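Number of protein chains: 2
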Amino acid sequence: MTHVLSSSQRQEHPSGALRSSSVPHTATIFQDAFWAPRLHTLRERTLPAIYQQMRQDGHFTAFRESWHAGMRRIPYVFWESDISKWIEAASYSLATHPNPDLAAQVDEAIAFLLTLQQPDGYLNLWFTQVEPEQRWINLRDYHELYCAGHLIEAAVAHFQATGKRILLDAVCRYADLINATFGPEEGQRHGYSGHEEIELALMKLFHATGEERYLRLSHYFIEERGRRPLYFDLETQARGENPADYEMGTYEYNQSHRPVREQREIVGHAVRAMYLFSAVADLARELQDEGFQETCERIWRHLCAKRLYITGGLGASKGNEGFTADYDLPNTSAYAETCAAIGLVMWSQRLLQLDADHRYADVMEQALYNGVLSGISLDGTSFFYENPLESNGTHHRQPWFTCACCPPNIARLLLSLGSYLYTVTETDILVHLYAQCTTTITLGGRQITMHQHTAYPWDGTVRLEIESDEPVALGIHLRIPGWCQQARLTLADEEIPYETRKGYACVRRTWRPGESLTLHLEMPGEPVYPHPAIRENAGMMALRSGPFIYCLESADNPIPFHQISVPNGATFEKHFLPTLLNGVAVLRSTVQVLETEDWSETLYRNRPPLAQPYTLTAIPYYAWDQRTPGEMRVWLRTSEGETSNHFRL
Amino acid sequence: MTHVLSSSQRQEHPSGALRSSSVPHTATIFQDAFWAPRLHTLRERTLPAIYQQMRQDGHFTAFRESWHAGMRRIPYVFWESDISKWIEAASYSLATHPNPDLAAQVDEAIAFLLTLQQPDGYLNLWFTQVEPEQRWINLRDYHELYCAGHLIEAAVAHFQATGKRILLDAVCRYADLINATFGPEEGQRHGYSGHEEIELALMKLFHATGEERYLRLSHYFIEERGRRPLYFDLETQARGENPADYEMGTYEYNQSHRPVREQREIVGHAVRAMYLFSAVADLARELQDEGFQETCERIWRHLCAKRLYITGGLGASKGNEGFTADYDLPNTSAYAETCAAIGLVMWSQRLLQLDADHRYADVMEQALYNGVLSGISLDGTSFFYENPLESNGTHHRQPWFTCACCPPNIARLLLSLGSYLYTVTETDILVHLYAQCTTTITLGGRQITMHQHTAYPWDGTVRLEIESDEPVALGIHLRIPGWCQQARLTLADEEIPYETRKGYACVRRTWRPGESLTLHLEMPGEPVYPHPAIRENAGMMALRSGPFIYCLESADNPIPFHQISVPNGATFEKHFLPTLLNGVAVLRSTVQVLETEDWSETLYRNRPPLAQPYTLTAIPYYAWDQRTPGEMRVWLRTSEGETSNHFRL
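If you read the protein sequences in the order shown, they are chains F and R.
Under the numbering used here, the residue at position 222 of the first sequence is numbered 222, and the numbers go up by one with no gaps.
Under the numbering used here, the residue at position 222 of the second sequence is numbered 222, and the numbers go up by one with no gaps.
Hints are computed from structural coordinates only; laboratory data are not their basis.
Source: prediction; values computed, not measured.
Hints should not be assumed to be uniformly reliable.
[Unchecked claim] Just so you have them, the derived chain R footprint on chain F, three or more residues with Cβ under 8 angstroms: (1) 149-156; (2) 255-265; (3) 303-312; (4) 521-533; (5) 558-565.
[To be verified] Listed below are the simulated DMTMM-like cross-link pairs for lysine to aspartate or glutamate, each with C-alpha atoms no more than 25 angstroms apart in a straight line: (6) R:K318 / F:D598; (7) R:K502 / R:E286; (8) F:K318 / R:E536; (9) F:K502 / F:D355; (10) F:K306 / R:E601; (11) R:K502 / F:D598; (12) R:K306 / F:E390; (13) F:K502 / R:E601.
Beta carbons are placed, not taken as given, at the ideal position from N, Cα and C, and that holds for glycine.
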């Protein structure tokens with residue numbers, strides 16, 4: 001008995017949006033060949049590696065041994081955020097995989113942080129040890145509230161993983177001090193953080209504690225941001241400096257150039273923008289604030305329509321670690337910070353909960369499988385800060401960075417990946433990401449265990465099974481990814497018709513024990529074409545299969561990549577190679593390569609160059625730079641487009 | 001009676017080379033619509049403009065008014081080279097177009113320079129006024145001998161133009177001091193100039209005075225260059241500095257990394273290289289030195305085969321104002337200094353005299369009509385230092401530069417253009433460049449007047465006429481440019497067969513009064529393709545007609561240039577527009593332009609972009625940036641090559 005709904009009215013918000021809620025990452029156990037080994041590596045290699053790097057750097061000791069007044073602030077001014085993010089990541093791991101050694105390290109790190117806490121609750125490494133007189137003096141530049149935010153996120157994760165309140169209580173005291181210090185009242189500072197982060201952290205703290213003052217403080221920070229007179233102007237003048245001398249030129253850099261509700265475009269530092277709008281999405285949901293929701297959607301659409309790399313990377317420029325102009329997406333110099341792609345996953349997931357629109361999940365998946373995952377090596381111990389789409393072979397992952405935001409950030413995202421697969425309503429389960437796994441979800445008071453059986457992301461067949469001894473009435477919404485050009489649903493080997501609401505096929509029925517619903521997503525190797533306004537990519541194409549964007553590496557293709565051209569009608573064969581790069585599906589295609597042999601000493605001539613056929617091998621972008629260094633490129637020249645059947649005269 | 005020779009044995013050098021000699025620039029009177037008005041502008045606008053800029057800058061006064069010990073040296077350390085080059089350019093003008101006001105300015109400038117001369121003959125602005133103690137202390141960096149070179153060139157030009165010896169005598173005293181100071185003997189400095197120039201200047205001084213010591217000194221400078229131990233190492237150590245700290249990293253920068261005869265590739269600062277090898281070519285000729293000639297030819301071939309822009313621009317990088325790697329020819333960031341293209345004209349003309357090979361004249365013409373001429377505005381008063389092949393509309397000519405080498409350099413080249421059209425042997429005239437003009441040449445004691453009747457460079461028909469009352473026996477060698485795919489020769493409207501020696505058709509006969517020989521060069525608009533190893537240009541083409549490389553400008557084509565693609569089989573119609581940009585032939589072609597309309601909010605998609613036809617208009621590259629600023633580009637995408645008939649399977 002199958003009932004297919006084109007839209008499930010019951011879950012719809014008055015706006016027509018389908019609201020749903022995320023589930024804890026602990027609900028899901030990965031059993032797949034893709035994520036499960038990666039998560040194992042994250043637990044076994046990455047967490048220890050980051051911890052060691054922090055110890056070597058002196059994160060816990062240098063302030064005593066070598067820090068002194070007058071030393072340069074960056075990156076030390078936000079050093080403890082590395083510790084906080086590591087505690088958060090480690091807590092996610094401890095929640096699913098108890099580990100006494102790791103637990104002891106976490107306790108030790110927390111004990112260290114607590115030694116920094118001042119009698120009034122203030123808790124910051126730099127501004128207690130080096131420049132206590134600078135407390136709250138320069139919110140624009142010094143990451144003080146940003147560090148507080150990561151501390152809060154760590155505390156919430158640690159509390160949820162272990163039940164221990166030690167750090168949570170400490171950050172509540174700190175948050176209460178912040179709440180007393182900042183706000184609309186006379187005598188309070190009408191300020192907000194130059195680097196957003198605390199806003200979304202306060203939302204987590206609100207949810208963890210139920211204390212509405214944290215919600216209100218987050219709301220205050222967001223509403224105050226960009227109001228006239230601009231706090232950063234006043235603050236700068238109070239320091240006796242000229243706001244016009246601001247190094248970054250414009251407050252677009254930190255999204256405080258105008259009130260958040262009035263912002264129309266994604267601008268400035270990319271990570272800051274992602275964290276800001278994640279909090280705005282949280283507030284939209286919590287406060288049922290349509291204005292915030294519209295602001296988020298508008299800016300997210302602008303990002304995706306004009307300023308997003310095909311890898312889900314974002315923030316094209318190193319200069320501001322952020323956005324430049326529409327369609328300005330250079331490849332070699334792409335900044336595309338790993339943290340920004342992580343932030344996009346976070347923001348998109350929040351939007352997805354506001355409305356189950358496949359575009360949010362598509363972008364979340366696009367960033368996750370490409371621009372995020374490229375940020376960490378297969379062995380889990382080296383990292384990209386920048387994720388270019390083209391390289392001459394000189395860009396490599398590093399074990400650590402002076403500004404080491406990315407390594408613990410990727411660890412905390414991936415170690416909480418279990419919370420990104422599903423969302424739930426009172427009655428329904430929405431499936432956003434596919435992977436072989438078992439998830440136990442509480443839904444309208446019932447505990448439901450769902451299995452995904454699939455070789456995703458290498459194959460698009462996903463069999464969903466509700467584990468139960470008796471029939472279960474349940475709506476299941478399955479995301480049909482935007483990249484998928486052909487999708488089918490079968491129930492007991494029988495094809496069932498479906499309609500989609502915003503890219504989700506909903507099957508609402510009473511599931512009998514042993515029954516399973518199978519989604520068949522075609523995911524061949526295929527070309528993707530860029531908007532013609534992207535200057536560097538005009539006349540080019542990229543290769544995709546399922547969620548993966550592909551790239552060429554010299555290790556597989558020892559030819560100059562700029563001499564390659566993909567002809568009209570090229571086909572792309574997909575082969576899974578279990579021993580290559582921990583197992584990847586490669587794409588192979590016969591392309592043309594310009595010949596240099598018949599040029600002799602000629603540099604320019606009136607005959608076009610000759611070309612020879614060549615069978616190229618492309619690998620998923622995330623897996624590049626794990627072998628002999630050489631060229632890498634995502635975008636390949638093609639003669640498609642101009643000479644296609646679509647040409648209109 | 002026509003006699004066609006495939007090679008004219010009589011003029012051949014033992015090596016098989018056809019040697020010939022240049023003629024004075026005064027021999028030619030331009031009567032054409034292209035050069036004659038430009039030269040008029042150079043005389044009437046450019047020379048006064050440069051003079052005014054130098055006065056405003058304080059070239060003649062600042063040393064008294066504001067120069068002081070400890071001030072920064074660059075560009076002041078070589079300031080008087082601007083004056084010298086201006087005197088040289090003005091002298092070329094005075095030689096053909098007497099002008100009392102200009103003559104007075106020149107006399108005044110010379111008088112100024114003479115006030116600087118020291119009792120021992122030393123003559124330098126900076127090192128007499130600011131750092132006399134630094135004389136000869138840092139030849140590597142301080143342009144002392146470079147300035148001496150330009151002073152010598154000015155003196156020779158002034159003497160030849162006016163017969164006045166005042167500056168010539170002064171520079172001979174200075175050259176004698178240099179000759180006493182530098183040389184192989186004990187007690188002499190075994191050094192040479194960091195910026196070459198004096199070497200070719202000394203050759204001019206030798207020819208002007210007949211004094212062999214100047215030839216020998218030039219020869220010494222060239223032979224000593226790059227010999228171990230390296231002078232610049234010793235000199236640096238003598239200053240108490242470490243040669244390893246050299247800012248430019250390698251002595252390739254100034255071509256002193258190894259002995260000149262052992263150099264294999266064109267490297268380092270482009271202008272320095274051009275001036276060096278111009279002198280080496282002079283010495284090869286004067287000393288009948290095959291080694292020098294081979295060195296020149298080898299390095300010239302390397303330049304033309306691997307490191308030359310299609311515009312004749314050279315020196316891709318701003319970092320060293322010079323060469324980088326083979327085929328590294330980026331477009332937007334192309335440095336391609338105007339002075340380097342000027343130097344290439346000078347060097348190529350010297351090689352052409354060593355052997356009448358059309359390739360030298362082709363490159364000379366290519367640089368002259370493109371990368372040199374782009375360096376000066378149509379109104380003669382603003383200049384490009386850098387000549388990129390692509391611009392977003394922000395690169396513009398300037399009236400002057402802090403380092404103002406280019407403006408007077410282009411003036412001195414163009415005002416002596418008359419010396420570049422012909423060379424002669426005892427019996428023959430070689431015609432290298434075509435233009436409507438009258439030239440009077442002394443040949444084996446006979447004075448011969450030759451007329452060219454042509455609309456070149458816009459049309460390729462050139463009628464040559466020997467003006468004479470009686471028959472004249474004479475060989476005429478006509479260059480068949482490498483860009484020309486179809487050339488014919490007619491005598492009295494009758495086609496005559498010809499063979500070529502290295503691209504020159506020789507007609508040796510007795511010319512009767514009124515007879516004329518007509519060369520018909522086809523010069524349609526046509527595509528040119530780049531060597532596939534040029535990374536940025538793979539899959540692209542440029543447009544050419546005759547000596548001109550074309551470019552697109554937004555002023556004619558208000559569309560985004562990267563969205564243009566030239567289809568297979570495109571044709572290029574040529575139209576002369578007499579009112580556009582002082583009269584240019586434009587090329588028009590129907591191309592395809594990628595459409596953005598049907599993309600909506602999509603940034604990437606699985607359908608290729610659509611394209612629409614568009615008729616583009618291209619103008620000669622030299623004429624760009626004279627109208628409303630906008631995009632400019634030389635290289636256009638094309639689907640030719642890969643999909644051409646030449647494709648081999």
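Right, here's what the structure says about each hint:
For a cut-off of 8 angstroms, the count of residues in the region 149-156 of chain F with a CB near a CB of chain R stands at 0, and the three-residue condition is violated. Residue count for the region 255-265 of chain F with a Cβ under 8 angstroms from a Cβ of chain R: 0. That is fewer than the three needed, and the coverage hint is violated. Residues of the region 303-312 of chain F lying with their CB closer than 8 angstroms to a CB of chain R number 5, which satisfies the three-residue condition for coverage. Against chain R, the region 521-533 of chain F contributes 8 residues with a C-beta closer than 8 angstroms to a partner C-beta. That satisfies the three-residue criterion, and the hint holds.
For the region 558-565 of chain F, the assignment as covered by chain R holds, since 4 residues bring a beta-carbon within under 8 angstroms of that chain's beta-carbons and 3 suffice. For the given pair, K318 (chain R) sits about 32 angstroms from D598 (chain F) by alpha-carbon distance, which is inconsistent with the 25 angstroms threshold. A distance of roughly 23 angstroms separates the Cα atoms of K502 (chain R) and E286 (chain R); the hinted pair therefore holds under the 25 angstroms criterion. For the proposed pair K318 (chain F) and E536 (chain R), the alpha carbon gap of about 22 angstroms is at most 25 angstroms, so the pair holds.
With a C-alpha separation of about 9 angstroms, the suggested pair K502 (chain F) and D355 (chain F) falls inside the 25 angstroms cut-off, and the hint holds. The suggested pairing of K306 (chain F) with E601 (chain R) holds, with an alpha-carbon distance near 8 angstroms, which does not exceed 25 angstroms. Restraint check for K502 (chain R) and D598 (chain F): satisfied, since their Cα atoms lie roughly 21 angstroms apart, inside the 25 angstroms limit. With a C-alpha separation of about 24 angstroms, the suggested pairing of K306 (chain R) with E390 (chain F) holds against the 25 angstroms cut-off.
About 16 angstroms separates the Cα atoms of K502 (chain F) and E601 (chain R), which keeps this hinted pair within 25 angstroms; it holds.
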